[in-house]
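One-letter residues, chain by chain:
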Amino acid sequence: MYIDRYERIWIIISAFVLIALFGVLLYSYYGQGIHLETNVGQVLPQDVPTTPPFDNPGLHEIGPDEYDLVMIAQAWAFNPREVTIPAGSTVHFKMTSTDVLHGFKILGTTVNSMVMPGQITRVTYRFREPGEYLFVCHEYCGAGHHVMSGVITVE
Amino acid sequence: MSSNQEVYAPERWHMKVFLLMAFVTLLLGGLFGTLQSLDKMQVDWYNFLPGPLKGLYYLGLTVHGVALALMFTTYFIIAFLNFTVVYGLKRPLKSRALVHLSLWISIAGLVTTLVPIFLNQASVLWTFYAPLRAHPLYYTGLALLVIGTWTTALNAFATWRDWKKENPGERTPLMAFVSIVTWAMWLPASLGIAVAAVYYLWPWSMGITETVNPLLTRSLYWFTGHPLVYFWLLPAYVVWYTMLPAQVGGRLFSESLARLVFLLFIPLALPTGFHHMYTDPGVHASTKLIHAVLTFAVIFPSLITAFTVLASVEEGARRNGGKGLIAWVLALPWLSNPSVAGQLLSMVVFAMGGITGLINGTFTMNLVVHNTMWVPGHFHTQVAGAVTLTFMAVSYWWIPLLTGRALWNNKLAVIQVWLWTFGTLIMARGMHWMGIAGVPRRTFLSRAPYANFGEWDVAGLMVGWGAVIATVAGLLFAVIMIMTAFVSKAPAKVEVPVAEPLIKKDRMPVILDRLAPWLLITLVMIVIAWAPSLYHIAVHHPQVRGWVLW
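Residue numbers (the working numbering), protein chains in the order written: chain B, 6 to 160; chain P, 601 to 1150.
Just so you know, the hints here were simulated from the structure itself, not pulled from any lab data. Treat the hints with caution; some may be incorrect.
Claimed, not checked - Here are the in silico distance ranges between beta carbons for each label pair:
1) 10/B - 1089/P: 45 to 55 Å
2) 1143/P - 97/B: 22 to 32 Å
3) 1119/P - 156/B: 21 to 31 Å
4) 32/B - 1127/P: 27 to 37 Å
5) 1147/P - 131/B: 27 to 37 Å
6) 609/P - 43/B: 34 to 44 Å
7) 24/B - 1010/P: 26 to 36 Å
8) 1052/P - 58/B: 29 to 39 Å
9) 60/B - 1147/P: 17 to 27 Å
Stated by the list, open to error - One-sided excerpt, in silico: chain P residues whose CB lies under 8 Å from chain B:
10) 802
11) 881
12) 1047
C-beta atoms are modelled at their ideal positions from N, C-alpha and C, and glycine is treated no differently.
With these hints in hand, go ahead and build the complete structure from the sequences.
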């Protein structure tokens, strides 16, 4: 099989670039500890009202500047939809859905997850800067999808 | 009429019917796309739709996705790959029965899918994630669309087998071979969506089963969903490799590598689907990591394509007097040949989308853009830019060839491809911008109380006005096609462009003319990358009830 010299060089460069980019990806994951959603457990939608921690949605202080935020997504609102925390707080989000697929994105942060019925979503984020952080549902969940949002106020 | 044209004479009628269906769905889906884009600059035309459709943004979004991503692409590809198989092998399709069957199944699929959508019984978008539950007819229609591709593929394989019997030991002509490889990639890939629709979602929507496993059907969807984009793209590659070089007076730089590129897509396109589910709970991070590696691998054949196709085009440009390191590109017919200009422009847009695709594949960066407007920005460069523009460019010689009527208004066709390119680029640029600002995709922004148009206004204006330009270009395309097919008086003087290889006596390993070894590797890849996760999800993950929330 004949491969032109320039073509051979290009193929080697291409492979090298892809391998290098993948190396950067691995470094960002293991080296910088950027969170990737994984399998952390299941909860049936009908069991949500009686299963801890989802039986008690809201903000719970678990240590100095450290909070659990238990949040239920359902068409077409988050519960709770308004939360206030001090600047510098680390928040562990624990979420699930009681009906269809929803999404959860806090604008201006790296918090971005799917929220699914039957599945538990866990994300951790440290809010350094004070401000109002808008969060929205980013997966189509029916006729009122575009009203599903909330605000985290960092003081 | 030359002997070359007689080859596909018995096939003309069904190609024409498929093309008619393709262009009608392109127009239908495209016009709803215009409404979606206007919404991004706070212009709510959904408010002015007639009674039963008034304000139904998500119905329109479903039509847009289904008509364009599932119907237009599929119908065009069926017609085009039938053509390249027949023309490449210089023989008619083997089975007349399969030709008729494919056509009727596809027509049935079109009606069965669109009727429940327009009756607002299936506003579940083209991804139909359970537990949103559509009307059973919707899943029936989707299944028919897939089955129509299977019967077409079967006919292509049967035709190829007959050709091999009559030409023992000979190498399959490139144009036919890469078309058949496209079908070979699609067949195993399409199983995911078929199983989801027929085995899980249809019985559930009928009330035969009460619950569904939403993570399983979503995973099965993306089992097909990512290779689906290669099902759209590979026919464009067929054009770029086997036809475009001839259209610019060049030759194909390397036939062996062309074959290798297509064959690599069979095993590499499939095991990447979880990269659409990087942010999903319930899927283990290690599975996502495997799919991330393979996502980077599937970029490799496209990088080879960038070299081979460009080198072939450069050869043509230099033969036509092109000079200099870069200046040879000016020797190409950017302003005189709409078919060539359209393909070259589609490649420019495609290269940009390739880079944004790499960003999406990098799951750490994906956290910033997942499910934002960035994502439709990316895939509109690929589907509206690369694939649809190439299909339009092909139509500029193919419709004259099929109808025997010369292209109506060459100049307008050149303007059309440039307008489409600019429209798509401006719109996609706005979408990327909104995405980085955090604007969610698939959202009726005009009615979203949180929408901050003050901050997003320039980006939104780009989406809206870019789409307006693309709409004008789309309507121009429709006018040119109608005038060419029905009004144009001059007889067509077009030949099918067939690229000759630059190196005639390339001794090529026999594995580059076989499918079985590649399908075997694919099976291994599926077992590694999909089987354990799908099994685990199917057995251990929760079943939930359905919802109709629109």
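Going down the list of hints, with the structure as the test:
For residue 10/B and residue 1089/P, the Cβ-Cβ distance of about 52 Å falls inside the hinted range of 45 to 55 Å, so the restraint holds. Hint check: residue 1143/P to residue 97/B, Cβ distance near 28 Å, so the stated range 22 to 32 Å holds. For residue 1119/P and residue 156/B, the Cβ-Cβ distance of about 52 Å falls outside the hinted range of 21 to 31 Å, so the restraint is violated. Roughly 29 Å separates the CB atoms of residue 32/B and residue 1127/P, a value that falls within the hinted 27 to 37 Å.
Between residue 1147/P and residue 131/B the beta carbons are some 35 Å apart, a value that agrees with the proposed interval 27 to 37 Å. The hinted window of 34 to 44 Å between residue 609/P and residue 43/B is violated, with their beta carbons roughly 58 Å apart. The hint said 26 to 36 Å for the Cβ distance between residue 24/B and residue 1010/P, and at roughly 46 Å that hint is violated. A hinted range of 29 to 39 Å for the beta carbons of residue 1052/P and residue 58/B is consistent with their spacing of about 32 Å.
Hint check: residue 60/B to residue 1147/P, Cβ distance near 22 Å, so the stated range 17 to 27 Å holds. The closest approach between the C-beta of residue 802/P and any C-beta of chain B is roughly 19 Å, which is over the 8 Å cut-off, so the hint fails. Given hint, residue 881/P at the interface with chain B, holds; its Cβ is 4 Å from that chain's nearest Cβ, closer than 8 Å. Interface hint at residue 1047/P: satisfied, since its Cβ lies 5 Å from the closest Cβ of chain B, which is below the 8 Å cut-off.
Hint check: violations occur at hints 3, 6, 7 and 10; the rest are consistent with the structure.
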